[in-house]
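Chain residues, written in single-letter form:
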Amino acid sequence: MNITEARKVEKKRELGRGAGGETTGKFVPLGERLSRIARYILLAVISLALAFPFYWMVTSGLKTNDEIWQFPPTFWPESINWSNYSDAWNSAPFARYMFNSIFVAISICVLQVINASMMAYALTHMKFRLKGAFTGIILVGYMIPSTAVYLPSYMILNELHLLDSYAGLILSNCVSVFAIFLLRQAFLQVSHELVEAGQLDGASHFRILWTIMAPLIRSSFAVMILITFIDQYNNYFWPMLITKDPDLRLVSAGLRSFFVEGGAYGLAWPQIMAASAFTIAPLLILFLFAQKTIMQSVNISAGVNKS
Amino acid sequence: MRLKTFREGEAVLFTLPALIPLLIFWLGPLGYIVYLSFTEWDFMSPEKLFVGLENYTYLLTHADFYQALKVTLMFGLGTVIPIIVGGLALALLMNSKLRSTGIFRAMMFSPWVTPTVAVSIAWSWIFEPEVGLANLALGWFGISPLGWLQDPNWALVAVMIVTIWKSIGWSMVFYLVALRNLPADLMEAASIDGAGAWNKFRGITLPLISPTTLFLSIILTIQSLQAYDQINVMTQGGPAGSTRTLLYMYYQSAFETFNVGEASAIAVIIILICVLLSGLSFLLSRRLVHYS
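Chains as they are written, first to last, in our numbering: chain A, 89 to 395; chain B, 322 to 613.
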């Protein structure tokens with residue numbers, strides 16, 4: 089199989105994921121049509137209910153402190169107070185928090201793309217004696233909760249003098265078993281003949297990986313990068329444990345401390361809701377633009393358990 | 322021979338960028354925590370005191386541990402089952418020959434993308450006992466208001482609701498993929514043979530999507546054992562320990578009361594539970610799960 093053929097296979101895989109199961113343009117009897125409308129309404133109601141907390145967050149952030157404490161609550165603010173958003177933004181270094189989250193998340197994405205693809209490539213297209221053992225290690229890694237080892241990881245990070253540093257935040261998260269699995273799955277679909285052809289042309293494995301293989305599995309890379317970015321932007325428990333310096337807080341930890349200190353437990357709920365709203369905004373915007381790719385992660389991670 | 326060793330060396334070199342951090346931050350700690358669970362230490366004293374099984378016997382003879390175990394179990398069952406059943410129900414509804422459901426799918430999936438801390442804060446406000454939306458909604462059905470996060474009987478339910486809300490759309494998308502991969506000819510043949518919708522669902526759909534169900538149960542169980550963010554924001558394990566899971570107890574004894582040995586013993590127990598459940602589901606999968 090040559091490269092163009094492999095591209096076609098990859099293309100086919102992509103298409104296979106997207107296509108829907110709707111029927112079109114056939115004659116539909118009345119009873120069936122009514123039941124369709126009923127199901128449609130049911131779906132609309134459930135979707136709105138599930139998205140409602142976001143609406144509630146944004147609109148509560150626009151209310152005055154008096155209004156937010158009214159019962160029954162108002163479903164639309166009596167007056168729009170955008171100032172809550174700017175007050176919240178200015179009363180804690182949220183710009184710094186957001187920069188930290190985005191910077192750390194992007195750095196981790198870059199490192200994971202490199203180490204996960206090298207590992208996945210070695211496991212699928214190179215021969216070595218410990219291959220089985222390595223695959224086993226990664227399989228076990230997939231089954232064991234990482235939170236359970238936070239305590240010794242913390243102690244090790246302390247020994248390495250990496251607590252309270254960007255390096256610690258980035259390096260301690262720079263490998264993901266999920267990412268390795270995902271890329272391994274993608275590499276398994278690419279014919280080994282491509283590697284052999286590359287070797288005949290005198291290309292090194294490194295070259296084959298980055299110039300021949302990587303472009304073929306770019307859709308898997310896209311999924312992996314988006315999922316990693318989301319996970320790391322949202323990460324709270326571990327980054328909070330390993331940083332004491334407020335300047336190093338990621339956005340979730342920053343928001344949580346604003347909730348506890350600045351918000352003083354319920355006294356400034358409009359500002360707290362405003363802060364929550366702008367914390368999730370970057371992710372909802374990302375989701376809006378990349379929802380197809382993000383939801384594709386499901387296809388790929390569902391494939392993980394088949395091999 | 323030399324060439325072969327060289328080639329193997331290159332392969333190992335390829336694995337190192339992932340393997341080294343994996344060993345330092347993952348497998349090393351795994352061995353370390355087993356050792357720590359046999360010691361007594363408080364982060365301060367120069368020596369770690371070897372105490373054998375004392376941490377385990379202490380845990381196993383104290384009610385706090387059993388309370389946390391019970392909360393963990395209830396939280397696990399009370400989130401994994403609704404997320405799986407609800408996700409499947411939504412997927413079936415979505416898959417039934419309806420057009421332009423993309424917007425609904427996106428709305429249901431969106432909670433999964435957003436940071437748990439931020440949405441837990443919003444939910445804390447919804448569960449506010451005096452003016453919260455949750456009690457307003459209960460009022461519409463004539464149910465008297467609840468204390469939610471302040472009531473030991475309901476705090477765990479509230480945390481479960483947030484957890485289910487966060488993942489139900491995610492599990493739905495898994496099932497949508499599985500349902501779309503069902504062989505159309507088999508379903509048609511069953512219809513021609515006169516199988517009713519329920520029989521078709523039980524006899525064909527359910528067995529054919531069982532790999533998805535197994536995968537989701539494993540992943541969701543591991544996730545439920547790791548739940549921390551929503552508990553930390555909404556209840557911090559309280560009131561009266563009613564939302565203190567094993568993981569939360571582990572966190573508190575490690576980083577609040579600095580009882581490293583006891584915390585490690587709890588962590589080892591959590592890991593054992595995970596290994597046990599994974600093994601069990603693997604065995605179960607050979608008997609019950611249908612792989613095509």
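These aren't lab readings, by the way, just hints derived from the structure by calculation.
A hint or two may mislead.
[Said to hold, decoys possible] Stretch-level coverage of chain B by chain A, calculated; a stretch enters the list once three of its residues show a Cβ under 8 Å from a Cβ in chain A:
#	segment
1	379-391
2	480-490
3	566-575
[What the hints assert, rightly or not] Going by beta-carbon spacing under 7 Å, a handful of chain A positions derived as facing chain B:
#	residue
4	V133
5	S167
6	I373
[Said to hold, decoys possible] Residues from chain A that keep clear of chain B, each with C-beta distances beyond 12 Å, as calculated:
#	residue
7	L138
8	S174
9	F222
10	S241
No residue lacks a Cβ here, since even glycine has one placed at the ideal position from N, Cα and C.
Consistency of the hints with the structure:
1. 379-391: violated (count 0)
2. 480-490: holds (count 3)
3. 566-575: The restraint on the segment 566-575 of chain B holds, since 4 of its residues have a Cβ under 8 Å from chain A and three suffice.
4. V133: With a minimum Cβ separation of about 10 Å from chain B (threshold 7 Å), the hint on V133/A is violated.
5. S167: violated (18 Å)
6. I373: With Cβ-Cβ at 10 Å, over 7 Å, it is violated.
7. L138: Not fine: 5 Å to the nearest Cβ puts L138/A too close to chain B.
8. S174: Holds: least Cβ distance 18 Å, greater than 12 Å.
9. F222: Nearest chain B Cβ is 6 Å from F222/A, so the label is violated.
10. S241: At about 5 Å from chain B, S241/A fails to clear the 12 Å cut-off, so the statement is violated.
Against the hints set out earlier in the document, violations occur for numbers 1, 4, 5, 6, 7, 9 and 10.
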